[in-house]
Amino acid sequence: MARISTTTCEGDFTGSGFLIDEDLVVTAAHVVEGATAINVALDEQLVGAQVLGINEAAELALVRTNSDVQGYHFSFNETEPALGTDVAALGFPLNAALTLTKGSVSGLDREIDLGAGPISNMIQTDAAINPGNSGGPLLTVDGRVAGVVSAIRQFSDSAGTRAEGTAFAVTAPRAAAAAEEWQARATPVPPADCGAAPAPGFGDIASTVLSDHDQATNIAQSLLVHGQGINRAAYDAAYEVFTPEMQAEFGGVEAWSSGLSSSYWTDLTVLAVSGEEDTLLADVDLRTIQDAADGPHGQTCSDWKIQYTMQWDGLSWRIAGSSLPLGDPTAC
Numbered sequence: 000m001a002r003i004s005t006t007t008c009e010g011d012f013t014g015s016g017f018l019i020d021e022d023l024v025v026t027a028a029h030v031v032e033g034a035t036a037i038n039v040a041l042d043e044q045l046v047g048a049q050v051l052g053i054n055e056a057a058e059l060a061l062v063r064t065n066s067d068v069q070g071y072h073f074s075f076n077e078t079e080p081a082l083g084t085d086v087a088a089l090g091f092p093l094n095a096a097l098t099l100t101k102g103s104v105s106g107l108d109r110e111i112d113l114g115a116g117p118i119s120n121m122i123q124t125d126a127a128i129n130p131g132n133s134g135g136p137l138l139t140v141d142g143r144v145a146g147v148v149s150a151i152r153q154f155s156d157s158a159g160t161r162a163e164g165t166a167f168a169v170t171a172p173r174a175a176a177a178a179e180e181w182q183a184r185a186t187p188v189p190p191a192d193c194g195a196a197p198a199p200g201f202g203d204i205a206s207t208v209l210s211d212h213d214q215a216t217n218i219a220q221s222l223l224v225h226g227q228g229i230n231r232a233a234y235d236a237a238y239e240v241f242t243p244e245m246q247a248e249f250g251g252v253e254a255w256s257s258g259l260s261s262s263y264w265t266d267l268t269v270l271a272v273s274g275e276e277d278t279l280l281a282d283v284d285l286r287t288i289q290d291a292a293d294g295p296h297g298q299t300c301s302d303w304k305i306q307y308t309m310q311w312d313g314l315s316w317r318i319a320g321s322s323l324p325l326g327d328p329t330a331c
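Note that numbering that gives the first Met the number 0 has the sequence shown beginning at 0, numbered continuously upward.
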């Protein structure tokens, strides 16, 4: 199972997805819509990715990872499930660990509208679904994919009331057809342009997690959202990774980002994670490139040893502080 973290020009979003090949992940369209950068975590593997195909009207997307990953390859059912079929939703609700919730198919041929127009022929299920489940598989008892989880029923009142026990998924035959078409005839979708000079190419960051702490990969994903935001000039998204207290210290996103126009992250290694509960320390090796005028001591390539203080805000890990325990960075 894949935990997908998407950086957009305005912020970041986390959802679920599942492997169908060594480098192909199926997810819901709204998980990766407007992406300027994507990273995918599978077990201890953390890789960059790009959208290979997306159809907002069908609420489906196919993501290609930048390198092959190991994991279970899911298979699609060839037919739609019958009413009353036992199913289970697999995903990462509310940024929690991998979660399985059981239910049944409670409706067929439903129509919903997520803002891009009506989506028809959806499966309705009473399996518990929460934000973060989007893009994960709805499985039958034999482990095959009956649908791709999409949305929870919401009412158009000011409170955004949700209907408990009413969620929707794209049918497996529709998802399988889209994935097959995108594999046969696809050009990767260009990343969203945030209006300033981005890093060359896709601004990919080579990432490694050496710590065996249970939260090390999740922390690495948060740091990658921050770095990807810098690389793609999505400064609002990068700034959101800071805690509110850190944001107040910086005095706003414009003040914080004023010296970042030529600075890009290239390599991130999470060496160790320590601490407990909602505050952890992450020891990180980071390599950046920048113009000499923006680099420490005129460096155009810098190797940093940083200790980040990370705080859990109930949804994700945020940067609450940083220090340089070994002093200023060294030239690469």
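Derived from the structure by calculation, the hints contain no laboratory data.
Note that beta-carbon positions come from the ideal geometry of N, C-alpha and C, so glycine has one too.
There's no promise every hint is true.
Claimed, not checked - The calculated label-pair distances, taken between Cβ atoms and stated as ranges, are: (1) Leu-93 - Ala-330: 37 to 47 Å; (2) Asn-120 - Leu-209: 38 to 48 Å; (3) Ala-292 - Thr-268: 19 to 29 Å; (4) Glu-248 - Val-140: 31 to 41 Å.
Verification of the supplied hints:
| no. | hint | result |
| --- | --- | --- |
| 1 | Leu-93 - Ala-330: 37 to 47 Å | holds (43 Å) |
| 2 | Asn-120 - Leu-209: 38 to 48 Å | holds (46 Å) |
| 3 | Ala-292 - Thr-268: 19 to 29 Å | holds (27 Å) |
| 4 | Glu-248 - Val-140: 31 to 41 Å | violated (52 Å) |
The earlier numbered hint that this structure contradicts is number 4, and it is the only one.
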